[in-house]
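*Asks:* Starting from the known structure of chain A, arrange chain B on it as the hints suggest.
One line per chain: the protein sequences are A and B, in this order. Position one of the first sequence corresponds to residue 1 (the UniProt record's numbering), numbered consecutively onward. Position one of the second sequence corresponds to residue 1 (the UniProt record's numbering), numbered consecutively onward.
It is possible that part of the hints are untrue.
Residues on chain A that point at chain B, a partial pick, calculated with CB under 10 Å [what the hints assert, rightly or not]: (1) GLY142; (2) LEU162; (3) ARG176.
In silico negatives: residues of chain B with every beta carbon more than 12 Å from chain A [what the hints assert, rightly or not]: (4) GLU11; (5) PRO18; (6) SER33; (7) ALA35; (8) ASP49; (9) SER53; (10) TYR54; (11) LEU55; (12) GLU71; (13) LYS102; (14) GLN205; (15) SER209; (16) THR224.
Residues of chain B placed beyond 12 Å of chain A at every Cβ, according to the derived structure [claimed, not checked]: (17) TRP5; (18) LYS6; (19) LYS8; (20) GLY9; (21) SER20; (22) ILE22; (23) SER28; (24) LEU40; (25) ASN43; (26) ARG60; (27) SER126; (28) PRO152; (29) CYS212; (30) GLU214.
Keep in mind that the hints were calculated from the coordinates and are not lab data. By construction, the Cβ of each residue, glycine as well, lies at the ideal position given by its N, Cα and C atoms.
2 protein chains.
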Amino acid sequence: MKPRWKGKGSEAKASADPMSKIVSQLHSSLIRSVARGLLLSRNVLIEADAELSYLFNRARFGRSRITSQEEKQWFQLDMEEAFYLCFSLECLKGIGKDGSIKSNKELWEYSKSEKPAFPISYKAYSHLRHKNWVVRSGLQYGVDFIAYRHLPALIHSEYAVLALSKGDNELNGRLRVWSDVHCTVCLCGSVAKTLLVLFVDSNSQGTSSPSCLEHYTVEEETITRWNPEQSREDQTSLRNQTNLGTI
Amino acid sequence: MKPRWKGKGSEAKASADPMSKIVSQLHSSLIRSVARGLLLSRNVLIEADAELSYLFNRARFGRSRITSQEEKQWFQLDMEEAFYLCFSLECLKGIGKDGSIKSNKELWEYSKSEKPAFPISYKAYSHLRHKNWVVRSGLQYGVDFIAYRHLPALIHSEYAVLALSKGDNELNGRLRVWSDVHCTVCLCGSVAKTLLVLFVDSNSQGTSSPSCLEHYTVEEETITRWNPEQSREDQTSLRNQTNLGTI
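So here's chain A without its partners, still in its complex pose (with noise of 0.2 Å):
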């Protein structure tokens, strides 16, 4: 599936901009603002004043808390996200309802109490977003992720991802049978996204702390329908298939 552009300019705009830019515009931002994040259930909550805010949108990290504070909009960031802003990118800090700093270790044992298979969907994220891809919450559709080429408003999202422990069934327990392929395979297709499965593999690291996961390593694939009509006479169209090389 070809990357489905929003409008003719689209493609020249995100080319133009670069996400790894407008990521770097969020982390200094943080940076200036010292920002803090608050610890609540399975969110952290940051207050943004307008530049802040500006930025969380356009690098798509989290969704905005409509307040009655006019001037600070709150943003709620998914557990991932906001352990890739503490932890990898070094922007951010979580406080507890105590109002004490987290240290990463700390953030992360909370997150794993909160989400058990948080090592493995955290390694899933920040594999994508180190690659500059936009990644948000796939829930809507039943998948871990969804990823987006650029931002969302230039572009639609082209992958529907799983991620998956590999040798450790019991944690996520997808794709164990056909008729779960099948369907999300299908799904995906109905909603012109490729599946995208990441395999996450621990190599026995463990998850004691955050240091494990640079030893965790990720295999990609996607799954897709198979078309016997495809390769019969047209060759070309074979051309059109997705290019597994920009993962």
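*Replies:* Just chain B now, with coordinates in the frame of chain A:
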């Protein structure tokens, strides 16, 4: 979701021609022709003359297979369909490759060896067929079956059906995680079907013979998205919800 009849006169046509009558005609024709079904991997092949072909197509059992013989047609039945005709309606006999007629017990063992989840899927299939639903393979949608209120020529299918074994999740492994539930419900919604889950409880009767089936119980649950708009203002919209009592 209300039944979606195809065209104006379809509902009246269906009332005048109940499914029970159509299946009963197939039943009589199979008994008259002393029908035999050849066991072949996970299918049963039946040679059918013009009348039987017409009735197979009408009652929606199996799929016709084109052969070079003009007068005779072959019908390919799934194991559940064949076992329903052999065991529940007693109008078909299965034969092995050596030409020997199989008893129901032998056919049961054969079906289980080809498809370990057969006792569960058969109970679900027969449960719906007994209630005069037209039941077809749900492979295309990543579920076990799809169910029509009447002939697919008159009405769209209403239910996407998953047959799950109660208490033995290892065997089927569906709907164990939220993302799978979301994905399945989302797909069902996009093809205008309601997800019907049949939880089959073997009540510790085992699977040693088909007579166990009468002790199996089936619990029916539909899973739909909750639409928070639905109950806010317009109370009439609630009346459009699926009436579970009809299942």
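*Asks:* All hints are to be evaluated individually against the structure, with a verdict given for each.
*Replies:* Hint-by-hint comparison with the structure:
1. GLY142: holds (3 Å)
2. LEU162: Cβ of A/LEU162 sits 7 Å from chain B, so the hint holds.
3. ARG176: holds (4 Å)
4. GLU11: Answer for B/GLU11: holds, closest chain A Cβ roughly 28 Å.
5. PRO18: holds (31 Å)
6. SER33: Check passes; 35 Å lies beyond 12 Å.
7. ALA35: holds (30 Å)
8. ASP49: holds (32 Å)
9. SER53: Non-interface label stands for B/SER53: nearest chain A Cβ at 27 Å, farther than 12 Å.
10. TYR54: holds (30 Å)
11. LEU55: holds (30 Å)
12. GLU71: holds (31 Å)
13. LYS102: Holds: least Cβ distance 27 Å, greater than 12 Å.
14. GLN205: B/GLN205 clear of chain A: closest Cβ-Cβ about 24 Å, beyond 12 Å.
15. SER209: The claim stands: B/SER209 keeps its Cβ more than 12 Å from every Cβ of chain A (closest is about 26 Å).
16. THR224: holds (14 Å)
17. TRP5: holds (24 Å)
18. LYS6: holds (21 Å)
19. LYS8: holds (29 Å)
20. GLY9: holds (31 Å)
21. SER20: holds (29 Å)
22. ILE22: Nearest chain A Cβ is 28 Å from B/ILE22, so the label holds.
23. SER28: holds (35 Å)
24. LEU40: holds (20 Å)
25. ASN43: holds (17 Å)
26. ARG60: Consistent with the label, B/ARG60 stays out of reach of chain A, its closest Cβ about 21 Å off (over 12 Å).
27. SER126: Its Cβ never comes within 12 Å of chain A, the nearest being 19 Å, so this holds.
28. PRO152: At roughly 19 Å from the nearest Cβ of chain A, B/PRO152 sits farther out than 12 Å, so the non-interface label holds.
29. CYS212: holds (23 Å)
30. GLU214: Holds, because the least Cβ-Cβ distance between B/GLU214 and chain A comes to about 27 Å, which exceeds 12 Å.
The earlier numbered hints are all upheld by this structure, with none contradicted.
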